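Here the protein sequences come in this chain order: A and B.
In this note's numbering, each residue's number is its place in the first sequence (first place is 1) plus 1091.
In this note's numbering, each residue's number is its place in the second sequence (first place is 1) plus 7.
Keep in mind that the hints were calculated from the coordinates and are not lab data.
Being a predicted model, the structure only gives us computed values, none of them experimental.
Where hints are given, some of them may not hold.
What the hints assert, rightly or not - As a list, the in silico SDA-like pairs of lysine to any residue whose alpha-carbon atoms are at most 25 Å apart:
#, chain 1, residue 1, chain 2, residue 2
1, A, K1197, A, S1118
2, B, K16, A, A1178
3, A, K1140, B, Q57
4, A, K1140, B, G65
5, A, K1140, B, G49
6, A, K1140, B, L52
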Amino acid sequence: AQSVTQLGSHVSVSEGALVLLRCNYSSSVPPYLFWYVQYPNQGLQLLLKYTSAATLVKGINGFEAEFKKSETSFHLTKPSAHMSDAAEYFCAVSEGSGYSTLTFGKGTMLLVSP
Amino acid sequence: DGGITQSPKYLFRKEGQNVTLSCEQNLNHDAMYWYRQDPGQGLRLIYYSQIVNDFQKGDIAEGYSVSREKKESFPLTVTSAQKNPTAFYLCASSTAGVGPGEQYFGPGTRLTVT
Chain A
1092 AQSVTQLGSH VSVSEGALVL LRCNYSSSVP PYLFWYVQYP NQGLQLLLKY
1142 TSAATLVKGI NGFEAEFKKS ETSFHLTKPS AHMSDAAEYF CAVSEGSGYS
1192 TLTFGKGTML LVSP
Chain B
8 DGGITQSPKY LFRKEGQNVT LSCEQNLNHD AMYWYRQDPG QGLRLIYYSQ
58 IVNDFQKGDI AEGYSVSREK KESFPLTVTS AQKNPTAFYL CASSTAGVGP
108 GEQYFGPGTR LTVT
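With the rest of the complex left out, here is chain A (with noise of 0.2 Å):
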């Protein structure tokens, strides 16, 4: 069965800061790896995904993250915040293609401070 562990369930960083959020997945087959992300009481839009080509893979509003086999992680990266970055954040993942289902994190909300 697959699962994902986001460690931290909230992360603080100064305006201009790195942010690193953390994804830990774990998948019976090659996975595809997905980061939503979700402001106050809206819906989910997707900032990036993985699906077996690039292990870097660069998403919207800036924000990156890499595929590490051998460390069955997906961190998303930024390396410099701003205030509209502040938003919980959610790592997926899916085992198969077409219609698979995805699993969710538990999320991380993401506190930017000026």
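Given the coordinates of chain A, work out where chain B should sit on it, guided by the hints.
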């Protein structure tokens, strides 16, 4: 513009009443999903449908029912059998391709049952 519509945004019901949440998409996606979100719990899959007139239970289907009579619509009924129905409900859709189709989310419905 293409997208997913969920209505209403906020819904209030008395305990013991069934309530139906609406989800409509005009993305021409075959698959649709319902998730429940509780603080600190991430997203949990309730039901999903890959094709019209067919649907499968997710991880927490007890106390919920769905129908898929049209490709565009996937309503969710929260029945009186659901023990703790107060939550934020998210609908999503996806299409198949090479690798898993990323899921697109609606804005959500916040249900409060008292």
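Provide an ascending list of the numbers of those earlier hints which the structure does not satisfy. Checked against the structure, no hint fails, so every one of them is satisfied.
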